[in-house]
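**Student:** These protein sequence lines map, in sequence, to chains G and E. Each step along the first sequence adds one to the number in the working numbering, with nothing skipped, and position 4 is 4. Each step along the second sequence adds one to the number in the working numbering, with nothing skipped, and position 70 is 70.
Fair warning: there could be bad hints in the mix.
Label pairs and their computed distance ranges (CB to CB) [as the list claims (entries may be wrong)]:
id	chain 1	residue 1	chain 2	residue 2	range
1	G	112	E	104	34 to 40 Å
2	E	158	G	237	57 to 63 Å
3	E	28	G	176	22 to 28 Å
Bear in mind the hints are in silico, worked out from the structure with no lab data behind them. Backbone N, C-alpha and C fix where the C-beta goes; we use that ideal spot for every residue, glycine too.
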Amino acid sequence: MSFEVILGAWVATGLTLFILTFLYQDNPLFKLAEHLYVGVSVGYAIVKTYDTVVIRLIYEPMVMQGDWWLLIPLAIGALMLTRYVPKAAWMSRIAFAFVVGVGSGLAIPRVISSYILKQIEDTVRPLASLATDGSTTFTYSLLNPASNLNAIVLLIGVVSVLFYFFFSVEHTGPGKAVARTGIIFLMIAFGAAFGYTVMARMSLLIGRLTDLIEYAQPQYGRATWWLLAATIATLIVFHARRKGTEPPQ
Amino acid sequence: MNFAERMLHIDRRIIFLMIGLCTLIPLLYPVGLAIKVSPEVKSVYDYIEALPEGSVFLLSLDFDPASKPELYPQAVALLHHAFKKNLRVIGMTLWLPGTGMASEVVSRVAREEGKVSGKDYVFLGWSPGASSVIINMGQDLYKAFPTDYNNQPTTELPVLKGVQSLRDVAYVISLAAGSTGIETWYVFGKDKYKFELGGGCTGVIAPGLYPLLRSGQINGLIGGLRGAAEYEVLIGRKGNAVAGMDAQSATHFAIILLVILCNVFYLLTRTSKNRAEQSLR
């Protein structure tokens, strides 16, 4: 196994253990790992952005292929930097206006189509359909076992939740029953989301422990065991030093 | 302080230790609990299985190392399946921090399957803009990515022969850890350029994507480590995801038990408080 792989395993093991020490209590090892994470992430992002954007997408096409029209978007982008010069800061608004304008123009129609119209269509489609002459036909039938009962449940859920968030009408009488139904649907949705979140967090723990088990093998120099011992020893030292500096109760 | 109150004020580090042990022990001594494949994962598998040899399959690895435990096994399983089916694989990412990891997983699985970069697969890397990258790829893939991750001109790659834009891609799967992922690919890609889209995601965002699945906006969904394990079962190649399922079940059981116990202790405490108040009156 190459030296780089073994070194990577030791670094990964050490940082994982340092982060996990937070479960015991906040300590300098955790802070070290936390700061390293932030620093490395930002450093990586800067280098990759520079390489991809400045070199590959701007410099090389302009200088090597003669795509000098790229100077226009480059100039618009550069206007954002004028925010650092108070007298010229107003020029950055041109760049922001361009970004907001293009972004909104691209996003608004697509998002409305995908999230609102398509979802409304899917909510009512199993119940009603449009005929070729433009008239509406109700296709759902309780007598037909092929009809989808889930469609009714979904429709009740959508309508009741929407009504719950409709604050212009006081939720009394029948309205209260509808709003309460909406709350039940919301609670079920939150429960499902929380269940999935727990599953996701446990998966992350499984991932880290799987790596720790792998790195405890002899081919990695038993990195997990050595670093676990070192981490525990360091925590004991920190704990003892902290105890010594704490004012008496 | 009675027993129930003492339990409600238990040191949380004991709970951490308990969850840690529930995860660690099944990883060290696996039981091999059965894994049932869900229809949404089977849909993705069936679609890839039905693709003819040489079809273009685009895998967008839209996650960073923080989501590696859930999405990396999904990527490994999907890539093995695609390479086994002799599909032409295009790898890319919309997440800058995940570029190196995405490149590593694509090239590693390709090497294991005996595939050659440029001929059987290509990793395009990352390009800024997310939604605009997809729109750009929908118009002209070579303008969005003039070079691949290894700085080879994409116009000269045999793997991309006959591919001009996203319209020429048979199947796109986005493995997403956040909003820049499946939803972005649907809104700015599938809806306009009419390719089939599937998804893989972390457990956290899975509930939010089920409406897209039901409406047919995506044809399948692989959710979290569990979804990855199901896919590993389908392709008959058990990996890290299947190995983690015993631990997942054990931790879920422990958490359910803790939730029930916590509620029981809370009710006991409330009952004893009510009794104490009544006796004072």
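**Student:** Hint by hint, say whether it matches the structure.
**Tutor:** Cross-check of the supplied hints:
Distance hint check for residue 112 of chain G and residue 104 of chain E: the Cβ-Cβ separation is about 39 Å, which falls inside the suggested range of 34 to 40 Å. Separated by about 60 Å at the C-beta atoms, residue 158 of chain E and residue 237 of chain G satisfy the suggested range of 57 to 63 Å. Evaluation of the 22 to 28 Å hint for residue 28 of chain E and residue 176 of chain G yields a failure: the beta carbon distance comes to about 54 Å.
Checked against the numbered hints listed earlier, the structure breaks hint 3 alone; every other hint is satisfied.
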